[in-house]
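Enquirer: Taking the hints into account, I'd like the entire structure generated from these sequences.
Protein sequences, first through last, are from chains V and A.
Residues 1 to 462 (my numbering) are what the first sequence spells out, left to right.
Residues 1 to 462 (my numbering) are what the second sequence spells out, left to right.
Since the hints were derived computationally from the structure, they do not count as laboratory data.
Every value quoted in this text rests on a predicted model; they were computed, and no experiment measured them.
Among the hints, a few may not be true.
Given that identical chains are not distinguished, each listed pair holds provided it fits within a single copy or across any two copies.
Straight-line C-alpha distance at most 30 Å; calculated DSS-like pairs for lysine-lysine [to be verified]:
(1) 423 - 439
(2) 47 - 261
(3) 47 - 418
(4) 267 - 318
(5) 441 - 423
(6) 441 - 105
(7) 439 - 105
(8) 423 - 283
(9) 346 - 441
(10) 441 - 422
(11) 181 - 167
(12) 174 - 423
(13) 416 - 441
(14) 170 - 441
(15) 359 - 422
(16) 439 - 346
(17) 439 - 422
(18) 283 - 422
Protein chains: 2
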Amino acid sequence: MKLYQMLLLLLLGQQSFYAQNKPNIVLLFADDAGYIDFGFQGSKVMKTPNLDKLANSGVTFTQGYVSDPTCGPSRAGLMTGKYQARFGYEEINVPGFMSSHSALKGDEMGLPLDQQTIGNYLQKQGYKTAAYGKWHLGNADRFHPLNRGFDEFYGFRGGARSYFAYKNPKGDHKMETNFGKYEEPDHYATDVFAEKAADFIERNKDNPFFVYLSFNAVHTPMEATEEDLKQFPHLTGKKKTLAAMTLALDRACGTVLNKLKELGIDKNTIVVFSNDNGGPSDKNASTNKPLSGTKSNHLEGGIRVPFLMSWPEKIKKKSRYNYPIITLDLLPTFYAAAGGNIEDLKDINGVNILPFVAKEKEGRPHDILFWKKETRAVVREGDYKLIRFPDRPAELYNVPNDISERYNLANQYPEKVKSMYKKLFDWEMTLERPLWLLKRKYEQYDVDRMNQYREGWIPAKD
Amino acid sequence: MKLYQMLLLLLLGQQSFYAQNKPNIVLLFADDAGYIDFGFQGSKVMKTPNLDKLANSGVTFTQGYVSDPTCGPSRAGLMTGKYQARFGYEEINVPGFMSSHSALKGDEMGLPLDQQTIGNYLQKQGYKTAAYGKWHLGNADRFHPLNRGFDEFYGFRGGARSYFAYKNPKGDHKMETNFGKYEEPDHYATDVFAEKAADFIERNKDNPFFVYLSFNAVHTPMEATEEDLKQFPHLTGKKKTLAAMTLALDRACGTVLNKLKELGIDKNTIVVFSNDNGGPSDKNASTNKPLSGTKSNHLEGGIRVPFLMSWPEKIKKKSRYNYPIITLDLLPTFYAAAGGNIEDLKDINGVNILPFVAKEKEGRPHDILFWKKETRAVVREGDYKLIRFPDRPAELYNVPNDISERYNLANQYPEKVKSMYKKLFDWEMTLERPLWLLKRKYEQYDVDRMNQYREGWIPAKD
Chain V
1 MKLYQMLLLL
11 LLGQQSFYAQ
21 NKPNIVLLFA
31 DDAGYIDFGF
41 QGSKVMKTPN
51 LDKLANSGVT
61 FTQGYVSDPT
71 CGPSRAGLMT
81 GKYQARFGYE
91 EINVPGFMSS
101 HSALKGDEMG
111 LPLDQQTIGN
121 YLQKQGYKTA
131 AYGKWHLGNA
141 DRFHPLNRGF
151 DEFYGFRGGA
161 RSYFAYKNPK
171 GDHKMETNFG
181 KYEEPDHYAT
191 DVFAEKAADF
201 IERNKDNPFF
211 VYLSFNAVHT
221 PMEATEEDLK
231 QFPHLTGKKK
241 TLAAMTLALD
251 RACGTVLNKL
261 KELGIDKNTI
271 VVFSNDNGGP
281 SDKNASTNKP
291 LSGTKSNHLE
301 GGIRVPFLMS
311 WPEKIKKKSR
321 YNYPIITLDL
331 LPTFYAAAGG
341 NIEDLKDING
351 VNILPFVAKE
361 KEGRPHDILF
371 WKKETRAVVR
381 EGDYKLIRFP
391 DRPAELYNVP
401 NDISERYNLA
411 NQYPEKVKSM
421 YKKLFDWEMT
431 LERPLWLLKR
441 KYEQYDVDRM
451 NQYREGWIPA
461 KD
Chain A
1 MKLYQMLLLL
11 LLGQQSFYAQ
21 NKPNIVLLFA
31 DDAGYIDFGF
41 QGSKVMKTPN
51 LDKLANSGVT
61 FTQGYVSDPT
71 CGPSRAGLMT
81 GKYQARFGYE
91 EINVPGFMSS
101 HSALKGDEMG
111 LPLDQQTIGN
121 YLQKQGYKTA
131 AYGKWHLGNA
141 DRFHPLNRGF
151 DEFYGFRGGA
161 RSYFAYKNPK
171 GDHKMETNFG
181 KYEEPDHYAT
191 DVFAEKAADF
201 IERNKDNPFF
211 VYLSFNAVHT
221 PMEATEEDLK
231 QFPHLTGKKK
241 TLAAMTLALD
251 RACGTVLNKL
261 KELGIDKNTI
271 VVFSNDNGGP
281 SDKNASTNKP
291 LSGTKSNHLE
301 GGIRVPFLMS
311 WPEKIKKKSR
321 YNYPIITLDL
331 LPTFYAAAGG
341 NIEDLKDING
351 VNILPFVAKE
361 KEGRPHDILF
371 WKKETRAVVR
381 EGDYKLIRFP
391 DRPAELYNVP
401 NDISERYNLA
411 NQYPEKVKSM
421 YKKLFDWEMT
431 LERPLWLLKR
441 KYEQYDVDRM
451 NQYREGWIPA
461 KD
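Expert: In structure tokens, the structure reads:
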């Protein structure tokens, strides 16, 4: 842009050069939601009118992945744009779940301080940044959002908490405003997070901003308001509560989306909706069908998530993008949209996906993608996915042809199995050893849960 | 034994009731020796007359295993009779090799204090116990042999050192008499260790004793005396040095064996000779043929070792025992021979192998055996061995039919593969997470070294 153009813009009453050009960015991030548990994903049970409208306003990614099937590592990948195991964030960080042999435990587990977050990158581009809701990237003060690229925060440091006020809030459950000012929510937390985000948006309407609205919905505990529960008289038990929690989640997203519209800044705002990992069906009655598997395992049900992106000025309505993308891509996508130089991101594994969505770039954003937790690991190369297990031979699937991973092709394509195994190991050798270690028993739990949510699996012919 | 019998023995001049009945126990333990690098194993290059004589005096185990293909974990299994990964001793403890993410590092790595050693068990049976040579089970004082079941010690705490005196000995290289009295050897260390052991034997000839003579031979550094080198004029380079070091090792074993004879206590002394893991052929020119593989990988060349046991009063001369046994068996074998109640060892994975050697018990001492380091793991069930790799599909071998592991049977017996995979995982779930972690790059090194020493491998037909 030339000088005279800038002057012209100022004369036309724009509050700032940046305000007009840089898109705002809102990342709506759900927790433990099932793959199919949204209207726009095909659910006949859940009611999500606001998110369905968001889906219609932009692109739906049909193969949107997270970088891990559990909360903490998935968020570490999202926040850094890197395979989180590269810096040792390989296993989920839950204070009570760790082995006594773990190097780090309790509040000492967190996103290593030498890693830069989306917040850090966008702050450098002049953005005001805020995080709401669940953090789960470290309880110690040094890991606090305000120390990791966010200007404002309202939420809790841990991985889960009640949706209502605690009488005696403790530890990483405590709801916190910015740094150290603790105040429990006065109504249902999902709504409160969205209201706080809407307030931030209103205060920052004249400058570019980034909102990371990290709902704990629909993670356990299974808690909903009486009013939301009443909307599902035909349902019972956990499924009823899940539906009510999802309705609240959708309403909260609507609070933010409506605020953008009300302020007239919706057209130049990028809104992403996604979810941190597959639904843990045994815990919260979530459904990942037609995908097999759940949270904490590497079948599609663990790592493929609902994934929407809207940017009315740039992305075509009601479009679909079918090649695999991953939450690692959000950092470079946002950074590039914010005017950042993509050359700054040489050490990042994500790619800017906007040129692919806009069909300016052909082909796949990623020829190959990887996942790992201890012996369990996955490589997705093109349409094929190899899963390395600790307790059974590796399995090979053609994912687009076999979305439920029912037809193991390992014996049919032995050379492909060997070649992908090798690539998986080569990638593994680029990772650090884990910074913390879960108790061994969770590995058994994860394998058992995978088996439980794997109907109709057809073993390879020998 | 009745009172009058005891009195009779005393009248006959026996120094004590125990001295006559309880066998002495001498464990001669080599370091990093090649499977074939002994006369009794078939070497045409190495000269080991004393060990060959020992082999002829008792039983040779043709499938004798260690519990890990690296020094530290193998010794932790030997000392406790347990799969060492059960208490987190899964990876080798070498201070400079550890990941910065390792929970324990440097001198803090060691055999956990809640574990009982062979020394502890034999002390309880009234034995005088002594350790000579390489310890490698922890550098910190609390891990010192004198704190782990040994009455006397001369050696060094670490994993390797020079065979000659250092001018400025440092850290875990320092040669130590008992606790904290440091004195460098005045001649070749292999000989010094044996002389110290012989002296201990002489001083304890009238009471039951246990000697753990843990040579660092033939670990690097490759150092031999001029005189020993002269015995191999036809050899050059590392092979020449290895032959000279092996000759010294054999001579040192002879020093101890001759002392037993000289004192007239050889008939009621159990002597075991073995080695901590397969030869690292790239480092010390050792040869594991006909086995494939080396130290630090799980082919037979990494985990199967020369293994002799002699007890003239009980074990038949020149016998061979062909079912798999493992160094974990030494603790219960020694303990039972010492009069200990095997019921005390319920938590041990080894078994007393003497009844098997004596043909009092039929069948296999172990229906199943396991090994593990991270993703790499092995289950040996009956004659079959399944190897789980990080970088290629699991392989299945019939070990007695295919000693070199050339014919991968995985595709031929898919049901066996599945069943063994499951058993391997079930066993893995009984282990603790590792107490310390190597740098990632060593995994690559181990895999590369395995590939390098794997000639003539024939992949499974697809």
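Enquirer: So, for every hint listed, does it hold in this structure?
Expert: Status of each hint after checking the structure:
1. 423 - 439: both (28 Å within a copy, 20 Å between copies)
2. 47 - 261: Cα proximity of residue 47 and residue 261: one copy only (22 Å, versus 89 Å across).
3. 47 - 418: The answer is neither: 45 Å in one copy and 43 Å across copies each exceed 30 Å.
4. 267 - 318: within (15 Å within a copy, 89 Å between copies)
5. 441 - 423: both (29 Å within a copy, 16 Å between copies)
6. 441 - 105: Classified as both: same-chain Cα gap 17 Å, cross-chain 25 Å, threshold 30 Å.
7. 439 - 105: both (12 Å within a copy, 20 Å between copies)
8. 423 - 283: between (34 Å within a copy, 28 Å between copies)
9. 346 - 441: between (38 Å within a copy, 23 Å between copies)
10. 441 - 422: both (28 Å within a copy, 15 Å between copies)
11. 181 - 167: Cα proximity of residue 181 and residue 167: one copy only (16 Å, versus 61 Å across).
12. 174 - 423: So residue 174 and residue 423 fail the 30 Å test inside a copy (43 Å) and across (44 Å) alike.
13. 416 - 441: For residue 416 and residue 441, only the inter-copy Cα distance (25 Å) is at most 30 Å; the intra-copy one is 32 Å.
14. 170 - 441: Within one copy, since 27 Å is at most 30 Å while 41 Å is not.
15. 359 - 422: Intra 32 Å, inter 47 Å, cutoff 30 Å: neither.
16. 439 - 346: between (35 Å within a copy, 24 Å between copies)
17. 439 - 422: both (28 Å within a copy, 20 Å between copies)
18. 283 - 422: between (36 Å within a copy, 26 Å between copies)
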